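Sequences listed follow chains S and R, in order. Per the numbering used here, residue 3 is the first one in the first sequence, and the count goes up by one each step. Per the numbering used here, residue 5 is the first one in the second sequence, and the count goes up by one each step.
These are computed hints drawn from the structure, not numbers from a lab. From a predicted model like this one, the values you see are computed outputs, not experimental measurements. Possibly wrong hints are sitting among the right ones.
[Stated by the list, open to error] Label-pair distances were calculated between CB atoms; the ranges are: (1) 219(R) to 37(S): 42 to 50 Å; (2) 37(S) to 159(R): 22 to 30 Å; (3) 138(R) to 242(S): 27 to 35 Å; (4) 18(S) to 135(R): 31 to 39 Å; (5) 6(S) to 97(R): 31 to 39 Å; (6) 251(R) to 22(S): 30 to 38 Å.
For every residue, glycine included, the Cβ atom is placed at its ideal position computed from N, Cα and C.
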Amino acid sequence: MLVSSIKSFGKYCLFMTQVFRTPDKWRVFFQRLVLEISKLGVDSIPLVIIISLFIGAVITIQMTINIVSPLIPSYSTGLATREILLLEFSSSMMSLILAGKVGSNIASEIGTMRVTEQIDALDIMGINSANFIVLPKVVGFVLFVPVLCVLSMFMGLVGGWFIAEFTTMISVENYVFGIQSFFNEWYVWYGIIKTVVFAYIIASVAAYYGYYVKGGALEVGQASTRAVVSSSILILLADVILTKMLLQ
Amino acid sequence: MIEAKNVSKWFDGQQVLYDITATFDSGKTNLIIGQSGSGKTVFMKCLIGLLTPEEGEIIYDGRNFRSMNNQERKTLRTEIGMLFQGSALFDNETVLGNVMFPLKMFSPLSHEEQLERAHFCIKRVGLTNADEKYPSEISGGMQKRVAIARAIALNPKYLFCDEPNSGLDPRTSILIDELLSDITHEYDITTIINTHDMNSVLGIGEKIVFINKGHCDWVGNDKTIFRSTSQSLNDFVFASKLFREVKKFLEKEYESGKAR
């Protein structure tokens, strides 16, 4: 198990040295980059909006129910909702969700290219296939993911506002005061930095599993599953390390 | 001309190619034939450079593939066209996009000239009104034609075809064979076709290399294949009832002196 993990890590590092090369044609690279930003990033916006809205609402409800002590001010609900969203949900939890959507998309797309010999076709033409296919995906996703992170933070807070506006659990004034109180700007940057690292993990790990698929449709599906599982574990590991590094 | 000299290949300690020496002539359709699992695809991948043989040399018009540096290999690859068994067209590109692809990546031509060249290649393979269609929207035969158009877009010196007839009906197979043969003669390409289709062997086999269990058992052409004394080749060629009947007929013709 340990030996195979080390071997896989070595193979992944070698793969990355192939990916991070100068593109053969910059014009083609930028065309593909725009396409990947649209496919991996922009297409994820609806998912991020829906999940963030609902989770923001749920966090607000749970905070309101649990913070009942007269010693704690009522605006704490908004404050706690904001801190949860900024510190963990919009970066880590959202990345875990995106690992499922984007990671499986990348692994299955590249895996299908492998089993249908499209990657071989690129290699025979003398094109660095790893660089040509994977670099725009990794760069595109890493560039766009801060937008998704900030959007998630905002929509989560909007979800909480809906609870304040349309229920009697907490007043809108208290909620809005809460989300503005004791604001630490660094937490936003902390979330963005984490998301960028997680985006790199999602895109590169999924690409690695897709690129080295052997077999047919069944193996492509298995690679897709392995990509999601591996990137999720790596995200959690990186979350611990980054939190220790950035918040201590 | 492509020469393979004493090529041997192993996978996980198991030898799959044994000391194969063969020459593939320019301006001819050179066929590599053999049963499934005989090693012909591995041999072709060694010729193209997708696999590296443990022993032996691959020489492209005097240029030894093994001793080339990365830049030389890259240059060589622009001289190679490849038609894959499953066509290997890019799913997210249209027919025109697929044919334009090698031009976009390697050609110094302007966009208009690239378009002109792509349209010429598409027309040359006999496709009409398919420019804006995606690979999933066209038939298998049309996909092969698009793949051929893409393979010849950069005017290659060498054209490799891995089982170009697989999955096609007999009539379309013949059309694809004729197209490959015409293109080979028209542009003086060294074409190497990997096949086990006897119609192709008899139709366009100007030079035939027979691979059996990783060995090169026989070299000849479509005229000499029926008179081979190689048992393994005869077992392969006359496996079907139709060809056994053809053999009987030809033997009678030889005996009566009508055929030579």
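Which of the listed hints are not met by the structure? 3 and 6
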